[in-house]
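With chain A's structure known, arrange chain B on it following the hints.
There are 2 protein chains.
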Amino acid sequence: MRDEKKVSGAVIKRLPKYYRYLSVLRQMGITRVSSNDLSKKIEITPSQVRQDFFNFGSFGLQGYGYEVEPLMQEIGNILGMDQINQMIILGAGNLGQALANHASFEKRGFKIVGMFDVNPYCIGQVVRGIEIMHFDSLAEFMGRHSVDIAVITVPREHAREAADKAISLGIKGIWNFASVEFEVPKDVAIEHIHLSESLMALSYKIKENRASIR
Amino acid sequence: MRDEKKVSGAVIKRLPKYYRYLSVLRQMGITRVSSNDLSKKIEITPSQVRQDFFNFGSFGLQGYGYEVEPLMQEIGNILGMDQINQMIILGAGNLGQALANHASFEKRGFKIVGMFDVNPYCIGQVVRGIEIMHFDSLAEFMGRHSVDIAVITVPREHAREAADKAISLGIKGIWNFASVEFEVPKDVAIEHIHLSESLMALSYKIKENRASIR
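Chains A and B, in that order, are what the protein sequence lines are. The working numbering numbers the first residue of the first sequence as 0 and each following residue consecutively. The working numbering numbers the first residue of the second sequence as 0 and each following residue consecutively.
Chain A extracted, bound-state conformation (with noise of 0.2 Å):
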């Protein structure tokens, strides 16, 4: 099946890239915007913009663009963020308490609805009207809620057993934190943050510039 999809994979990895600057054209009043200044942001080639965009129907004109506001809506759409998706937050320390400070993600359809942690000290304490629960109650909190995402913030050793015990109470989505790998059911989608990547590329970076310098 990934075989399959090979060519589109590489246009679905761009989409998020393309809907978030998108947004911040439009917070910035700009409703059109041509396939040449959305492939300096992106870092493909203009004529790649136009192919993909082309791939679900989107038509720029000539010397006129892509107007922002449309294919945004419609970029959204194939992303599924006309639908909320609810989450909860495993792992309720300064990470996960961090996420659900994170106003941004609701304004874009993803709700947190619970969060769970195991250690007494934060049990009860409740951030941006989310109280956290202890884990033994979310078996009981599922019967009770659609969730569509758990959010994976406890420490790495815990993250495996966490994301099963999601998957087993019927979550279909993983955002994992713990920067440890793991495998998931084929019904499962998951998504890995790992954040040692983009400090190594910008120690990259940093050791280039040095370098152009001498």
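Any given hint could be a false lead.
The list cannot tell twin chains apart, which means a pair is met if one copy fits it or any two copies do.
[What the hints assert, rightly or not] Once the Cα atoms are required to be at most 25 Å apart in a straight line, the calculated DMTMM-like pairs of lysine to aspartate or glutamate come out as:
(1) LYS39 - ASP135
(2) LYS16 - GLU66
(3) LYS110 - GLU42
(4) LYS40 - GLU196
(5) LYS39 - GLU196
(6) LYS12 - GLU182
(7) LYS185 - GLU73
(8) LYS12 - ASP36
(9) LYS12 - GLU180
If you're looking for bench data, these hints aren't it; they were derived computationally from the structure. The structure displayed is predicted, hence computed values, not measured ones.
The following block gives chain B in isolation, referenced to the frame of chain A:
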């Protein structure tokens, strides 16, 4: 300059991924790996993997593959991880503290040497041996320490100001978590973390999985 490097730019982006995966293999005690296995993890073709490594002079052996440890070392050197990068965290809220507690950065040569905030509630607190200081003491601190990277974890409306201040004090690397983009001088490297892009990709995968069940 960007155009000259377009070919190698894509390779550079893959290096942190290679490095991370090789470090997972090493941790598991695995000493060699095929281009085929690597290609699956990075989601490119095996011949692209071989081409990437060939570019910087690493040759695999037919039917044997690559030695994990030397390859990892070599990629680490290219990425600048043979040197220590000293970091300060600007914004000691939940996210800043979560990053300070992320022990794995230090293993890769990224050492947090200072944390700064303006909130009197957190100033004086100690996170993993680092005392949180007031922003006003940043200039004085920079006079005493050699700092390579400023991590921007202040609220987005203060991100630009914090980065500008760090740059004016001589910092050449910005790791930006503030989900707002800004320009920096040419000799300053910047990496943005856009968590929402990963979340949108997850939303897409969940939607796609649901569609394939129907």
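Comparing the hints with the structure gives:
no. : hint           : verdict
1   : LYS39 - ASP135 : neither (49 Å within a copy, 37 Å between copies)
2   : LYS16 - GLU66  : within (17 Å within a copy, 35 Å between copies)
3   : LYS110 - GLU42 : neither (31 Å within a copy, 30 Å between copies)
4   : LYS40 - GLU196 : both (20 Å within a copy, 14 Å between copies)
5   : LYS39 - GLU196 : both (22 Å within a copy, 17 Å between copies)
6   : LYS12 - GLU182 : both (20 Å within a copy, 24 Å between copies)
7   : LYS185 - GLU73 : neither (27 Å within a copy, 35 Å between copies)
8   : LYS12 - ASP36  : both (18 Å within a copy, 21 Å between copies)
9   : LYS12 - GLU180 : both (19 Å within a copy, 20 Å between copies)
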